[in-house]
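Going down the list, the protein sequences come from chains L and W.
Mapping the first sequence onto the numbering used here, position 32 (from 1) lands on 32, and the numbers just tick up by one.
Mapping the second sequence onto the numbering used here, position 124 (from 1) lands on 124, and the numbers just tick up by one.
The hints are simulated quantities; they were obtained by calculation from the structure and are not laboratory data.
Misleading hints may appear alongside valid ones.
Beyond 10 Å from chain L on every Cβ pair, some chain W residues (computed) [stated by the list, open to error]:
| no. | residue |
| --- | --- |
| 1 | S15 |
| 2 | F21 |
| 3 | G22 |
| 4 | M24 |
| 5 | V25 |
| 6 | V26 |
| 7 | Y37 |
| 8 | V39 |
| 9 | W92 |
| 10 | I97 |
| 11 | G102 |
| 12 | G115 |
| 13 | S151 |
Below, in silico cross-link-like pairs of lysine to aspartate or glutamate (EDC-like), each with a Cα-Cα straight-line distance of 16 Å or less [said to hold, decoys possible]:
| no. | chain 1 | residue 1 | chain 2 | residue 2 |
| --- | --- | --- | --- | --- |
| 14 | W | K133 | L | E91 |
| 15 | W | K141 | L | E91 |
| 16 | W | K141 | L | E99 |
| 17 | L | K41 | L | E52 |
We put the beta carbon where it would ideally sit given N, CA and C, even for glycine.
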Amino acid sequence: MGSTNTPTDYLPIVLMFIVALGFVVTTMVASHMLGPKRKTKIKLDSFECGIESHGNARLPFSIKYFLVAILFVLFDVEVIFMYPWAVNYKELGIVGVIEVFSFIALLLVGFYYMLAKKAVQWED
Amino acid sequence: MLGYTITQWLFGILSFLAIMFGLMVVFSRNPVNSVLYLVMTFFCIAGHYLLLNAQFLAIVHIVVYAGAIMVLFLFVIMLMNLNEDTEPQRTWLSKIIAAVAGGLMLFVMVGSLKGAGDMGLQQYGNAQIGFVKNLGAVLFKDFLFPFEIASVLLLAAMVGAIMIGKKEAGES
Numbered sequence: 001m002g003s004t005n006t007p008t009d010y011l012p013i014v015l016m017f018i019v020a021l022g023f024v025v026t027t028m029v030a031s032h033m034l035g036p037k038r039k040t041k042i043k044l045d046s047f048e049c050g051i052e053s054h055g056n057a058r059l060p061f062s063i064k065y066f067l068v069a070i071l072f073v074l075f076d077v078e079v080i081f082m083y084p085w086a087v088n089y090k091e092l093g094i095v096g097v098i099e100v101f102s103f104i105a106l107l108l109v110g111f112y113y114m115l116a117k118k119a120v121q122w123e124d
Numbered sequence: 001m002l003g004y005t006i007t008q009w010l011f012g013i014l015s016f017l018a019i020m021f022g023l024m025v026v027f028s029r030n031p032v033n034s035v036l037y038l039v040m041t042f043f044c045i046a047g048h049y050l051l052l053n054a055q056f057l058a059i060v061h062i063v064v065y066a067g068a069i070m071v072l073f074l075f076v077i078m079l080m081n082l083n084e085d086t087e088p089q090r091t092w093l094s095k096i097i098a099a100v101a102g103g104l105m106l107f108v109m110v111g112s113l114k115g116a117g118d119m120g121l122q123q124y125g126n127a128q129i130g131f132v133k134n135l136g137a138v139l140f141k142d143f144l145f146p147f148e149i150a151s152v153l154l155l156a157a158m159v160g161a162i163m164i165g166k167k168e169a170g171e172s
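In isolation and in its complexed conformation, chain L is listed as follows:
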């Protein structure tokens, strides 16, 4: 590893992307072309669980979703830092373990703060 890493090593991933995208596009186009279409007024009506819809869908969301998302981003960044550590795990040895655990310990403080404040609990 190391010096043999080149952008061409990512060719299999690119191929996988192309195959996945091609499959999705092909199936969607094929089902659109092949499937029968019987459109009636009632079928094309919008409805909410069988109840006639009223108002529109452009309503402001609750801030709670945003709080969950922003906490997700923060822990996401934490996990990203563990990726180079995992690759270098043997070389860094016990020093690396201490370094990363002190990093995680500080974030665990935030995690406990989050639990103590009941930040992700869904009461109104």
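Knowing the structure of chain L, use the given hints to seat chain W on it.
Okay, now just chain W, sitting in the frame of chain L:
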């Protein structure tokens, strides 16, 4: 192929796609569509990072930016009231001001890029520093202090988000 290497072809295709999706971000009327085009732009830029041998940056770009930050963007759009009648009115004055500001921005960018041709770009340091393994070795030895400080920054962001977003017990 036509005198270009595969890397040059990939660079050209990725650049074209990135610019095209970037323009779609600006031109699409629906803000949700804009965010989705921005995700595509980020994927193209991640491809550029791969071509530059910055593999860690490419992964971070996809996981954090395309994955997480764009979810935040979508939530921000959903948090806003986007009904037709609450849209801000676009008067002629604001359009003219926007055009002048955008034109000045373009002027500054063209002016600053004009001399970029003779900067004599050259490679500094190790060309393979962007690999995850090499980057990790540097990060956990030479840049250990900034790395540990980053956790304090994340902690501060976490506490701040909870303080702002969470209703206190007595608050109405």
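Results for each hint:
1. Interface exclusion of S15 (chain W) from chain L stands, the closest Cβ pair being 15 Å apart, more than 10 Å.
2. No Cβ of chain L comes within 10 Å of the Cβ of F21 (chain W); the nearest lies about 15 Å off, and the non-interface call holds.
3. Against chain L, the non-interface label of G22 (chain W) holds: every CB pair exceeds 10 Å, the least being about 20 Å.
4. In this structure M24 (chain W) is separated from chain L by more than 10 Å, as the shortest Cβ-Cβ distance comes to about 17 Å.
5. For V25 (chain W), the requirement that its beta carbon stay farther than 10 Å from each beta carbon of chain L is met, with the minimum near 20 Å.
6. Its beta-carbon lying about 22 Å from the closest one in chain L, V26 (chain W) satisfies the requirement of being farther than 10 Å from that chain.
7. For Y37 (chain W), the non-interface assignment is confirmed: its Cβ lies about 16 Å from the closest Cβ of chain L, beyond the 10 Å cut-off.
8. The claim that V39 (chain W) lies off the interface holds: its Cβ sits roughly 14 Å from the closest Cβ of chain L, which is beyond the 10 Å cut-off.
9. Taking the minimum C-beta to C-beta distance to chain L, about 27 Å, the non-interface status of W92 (chain W) holds against the 10 Å cut.
10. Separation of I97 (chain W) from chain L is adequate, the least Cβ-Cβ distance of about 28 Å exceeding the 10 Å criterion.
11. For G102 (chain W), the condition that its CB be more than 10 Å from all CB atoms of chain L holds, with the nearest at approximately 28 Å.
12. Even its closest Cβ contact with chain L, about 30 Å, leaves G115 (chain W) beyond 10 Å, as expected for a residue assigned away from the interface.
13. The beta carbon of S151 (chain W) is not kept farther than 10 Å from every beta carbon of chain L, the shortest such distance being approximately 4 Å.
14. The suggested pairing of K133 (chain W) with E91 (chain L) holds, with an alpha-carbon distance near 10 Å, which does not exceed 16 Å.
15. Between K141 (chain W) and E91 (chain L), the direct Cα distance comes to roughly 11 Å. Compliance with the 16 Å bound is thereby established for this hinted pair.
16. With a CA separation close to 10 Å, the supplied pair K141 (chain W) and E99 (chain L) stays within the 16 Å bound.
17. For the given pair, K41 (chain L) sits about 14 Å from E52 (chain L) by alpha-carbon distance, which is consistent with the 16 Å threshold.
When the structure is compared with the earlier hints, a violation turns up for hint 13 alone.
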